[in-house]
Structure formats: structure tokens, C-alpha cells
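Visitor: Produce the entire structure from the sequences given, and follow the hints as far as they go.
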Amino acid sequence: MDEDYPRSKRKKSGISYAHHFHVEIFYAVINLQLHEINSHFDVVTSDLLLGMTCLNPVDSFANFDKDRIMKLAKYYPSEFDDNKLRDLSFQLDSFIVYARTCDSKFVNLKGIKDLAIVIAKTKLDQIWCHVYLLVKLTLILHVATASVERTFSSMKLIKNDLRNSISEEYLNGCLVCNIERKVFATVSNDAIIDRFQSIKTCRVQL
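Position one of the sequence shown corresponds to residue 1 (the UniProt record's numbering), numbered consecutively onward.
Rather than coming from a laboratory, the hints here were simulated on the basis of the structure. Treat the numbers as computed from the prediction; the structure is a model and nothing was measured. Beta carbons: idealized from backbone N, C-alpha and C, even for Gly. Any given hint might turn out to be false.
To be verified - Derived Cβ-Cβ restraints for the label pairs, each shown as a range:
#1 Cys177 <-> Phe90: 20 to 26 Å
#2 Thr186 <-> Glu24: 57 to 63 Å
#3 Lys121 <-> Thr101: 45 to 51 Å
#4 Cys177 <-> Gln197: 45 to 51 Å
#5 Leu49 <-> Phe90: 24 to 30 Å
#6 Asn63 <-> Thr122: 18 to 24 Å
#7 Val187 <-> Leu49: 33 to 39 Å
Stated by the list, open to error - As a list, the in silico BS3-like pairs of lysine-lysine whose alpha-carbon atoms are at most 25 Å apart:
#8 Lys105 <-> Lys123
#9 Lys113 <-> Lys74
#10 Lys121 <-> Lys136
#11 Lys113 <-> Lys71
#12 Lys71 <-> Lys110
#13 Lys84 <-> Lys123
#14 Lys110 <-> Lys136
#15 Lys66 <-> Lys110
#16 Lys113 <-> Lys136
#17 Lys110 <-> Lys84
#18 Lys84 <-> Lys136
#19 Lys74 <-> Lys84
#20 Lys71 <-> Lys136
#21 Lys136 <-> Lys105
#22 Lys123 <-> Lys66
#23 Lys121 <-> Lys182
#24 Lys66 <-> Lys105
#25 Lys110 <-> Lys123
#26 Lys182 <-> Lys110
Guide: Now the structure itself:
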């Protein structure tokens with residue numbers, strides 16, 4: 001691998017095979033993959049994913065990055081106002097020191113779910129309440145994202161002109177029936193008929 005990589009039959013390139021495969025092939029493939037990932041995910045999604053990774057407890061929080069975690073918390077303004085963000089910053093400093101050096105329960109954790117369980121069982125959520133809240137929000141992020149994507153996919157099934165003309169309440173009803181179709185499949189037709197028959201007659205003003 002240390003031999004020169006020939007670029008032509010007449011001249012030596014001065015570049016070894018190892019350098020050629022490492023720089024010109026391996027790095028090129030990595031750059032291509034990074035470009036594809038960056039084009040696939042927007043800035044918000046990237047910040048969320050990177051923030052989640054930084055909370056992963058594997059290998060003694062090897063990916064811990066306070067700045068990225070704080071950026072993740074800023075996407076939850078209802079839960080973290082300016083004062084709570086400041087408290088979170090202090091809590092992260094003390095929490096990471098404790099988790100890495102003071103408590104063996106944080107060793108060999110496999111993921112964020114295990115981290116949440118350990119924090120709750122050891123009552124550490126009372127000390128680092130903001131850290132625990134952010135961990136819980138991270139756990140439901142996958143579910144929330146999938147639910148939003150499912151909702152938008154369902155909206156595409158409704159024609160644009162119909163979607164613009166019907167009321168929001170009626171649209172929500174249509175979407176619920178489609179999104180939660182597995183639940184509605186368990187409801188019998190007789191139950192639906194009985195439900196409508198029990199509704200009082202009302203007049204709608206046109």
C-alpha cells in the first residue's frame with residue numbers, strides 16, 4: 001500500500017496507494033454521503049437529531065455537547081423560557097460530571113430510554129428536573145414527528161378545493177378517521193348507527 005499509485009505509465013505520481021484510497025476515494029464517498037444527508041434534512045431536523053445524539057449515554061456520554069443540547073431545548077419555548085434555559089445550562093454542567101464520575105448506574109446504558117429510567121428510579125429528576133424534562137421530550141420526538149408526517153400524508157388524500165371549502169372541524173373529523181383507521185375499524189356499524197340516531201335533530205343555517 002506504500003507503493004506509488006501510477007497516474008500514467010511514464011511519470012510517478014508520488015502518491016501511495018494508501019493515500020489514494022484514503023483521500024481520493026474514502027473521503028470522496030464520505031463527502032458525498034454528508035451532502036446527501038444535508039440535502040435530505042433541513043436545519044431544524046438536523047438540530048433536533050444532533051441534540052438527541054448528544055444526550056445519548058453510551059460510552060459515558062461520549063457525544064455530549066452542551067451547546068447542541070441547549071439548541072435542542074430552544075425548540076421547546078413553551079417548556080423552556082429564558083430563566084429555565086439558564087437553569088438547564090447549570091444543571092447540564094453538574095449532571096454530566098455526576099453521571100460520568102459519581103454514579104455507576106449510568107455506566108453501560110444502552111440509550112436515552114435507559115437514561116430516563118435511571119434518572120426516575122434514583123429520584124434524580126427532582127435534582128435535575130430540566131435535564132429530565134428534556135430527556136422525556138427527546139423520547140417522544142420520534143412519535144410526534146411520525147404523527148405529523150402521517151397527518152400531512154392524510155391531508156393529501158383530500159382534494160385541495162374541498163380542503164379549502166370545508167370547515168376546520170369537519171376537516172379534523174375526516175383526518176381523525178383516516179389517521180386512526182385501525183381504531184375505527186374496531187367500531188361496528190351498529191354502534192355508529194345508534195350514535196347518529198341518538199343525536200337530536202338540529203337545523204343548520206345555510
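Visitor: If a hint holds in the structure, say so; if it does not, say that too.
Guide: To see whether the hints hold, each was checked on the structure:
1. Judged by the Cβ atoms, the range 20 to 26 Å given for Cys177 and Phe90 is violated: they are separated by roughly 47 Å.
2. Evaluation of the 57 to 63 Å hint for Thr186 and Glu24 yields a pass: the beta carbon distance comes to about 59 Å.
3. The beta-carbon spacing between Lys121 and Thr101, approximately 20 Å, falls outside the hinted interval of 45 to 51 Å.
4. Against the hinted window of 45 to 51 Å, the Cβ-Cβ separation of Cys177 and Gln197 comes to about 19 Å, which falls outside the hint.
5. Distance hint for Leu49 and Phe90: a CB-CB separation of about 25 Å, consistent with the stated range 24 to 30 Å.
6. Between Asn63 and Thr122 the C-beta distance comes to about 22 Å, which sits within the given range of 18 to 24 Å.
7. Against the hinted window of 33 to 39 Å, the Cβ-Cβ separation of Val187 and Leu49 comes to about 37 Å, which satisfies the hint.
8. Taking the CA atoms of Lys105 and Lys123, the gap is about 13 Å. The hint holds against a cut of 25 Å.
9. Using a Cα cut-off of 25 Å, the hinted pair Lys113 and Lys74 holds, with the two alpha carbons roughly 21 Å apart.
10. Straight-line distance between C-alpha atoms of Lys121 and Lys136 comes to about 14 Å, which keeps the hinted pair within the 25 Å bound.
11. Only pairs whose Cα atoms come within 25 Å are accepted, and Lys113 paired with Lys71 is accepted, the gap being roughly 21 Å.
12. Restraint check for Lys71 and Lys110: the C-alpha separation of about 24 Å stays at or below 25 Å, so the hint holds.
13. With a CA separation close to 20 Å, the supplied pair Lys84 and Lys123 stays within the 25 Å bound.
14. Taken as a hint, the Lys110 and Lys136 pair is honoured in the structure, with Cα atoms around 16 Å apart against an allowance of 25 Å.
15. Our distance criterion of 25 Å between C-alpha atoms is met by Lys66 and Lys110, whose separation comes to about 20 Å.
16. Proximity of Lys113 to Lys136 is assessed by CA-CA distance (about 8 Å); at most 25 Å being required, the pair is judged to hold.
17. Taken as a hint, the Lys110 and Lys84 pair is broken in the structure, with Cα atoms around 28 Å apart against an allowance of 25 Å.
18. Taking the CA atoms of Lys84 and Lys136, the gap is near 16 Å; set against the 25 Å cutoff, the hint holds.
19. For the hint linking Lys74 to Lys84, the alpha-carbon distance of about 10 Å falls within 25 Å, and the restraint holds.
20. A hinted pair counts as satisfied when its Cα atoms are at most 25 Å apart, and Lys71 with Lys136 qualifies at roughly 16 Å.
21. The suggested pairing of Lys136 with Lys105 holds, with an alpha-carbon distance near 19 Å, which does not exceed 25 Å.
22. Proposed proximity of Lys123 and Lys66 is supported: the alpha carbons are some 23 Å apart, at most 25 Å.
23. The suggested pairing of Lys121 with Lys182 is violated, with an alpha-carbon distance near 35 Å, which exceeds 25 Å.
24. With a C-alpha separation of about 21 Å, the suggested pairing of Lys66 with Lys105 holds against the 25 Å cut-off.
25. In summary, the hint linking Lys110 to Lys123 is supported, as the alpha carbons are separated by about 20 Å, within the 25 Å threshold.
26. For the hint pairing Lys182 with Lys110, the CA-to-CA distance comes to about 32 Å; that exceeds 25 Å, so the pair is violated.
Hint violations for this structure: numbers 1, 3, 4, 17, 23 and 26, all remaining hints satisfied.
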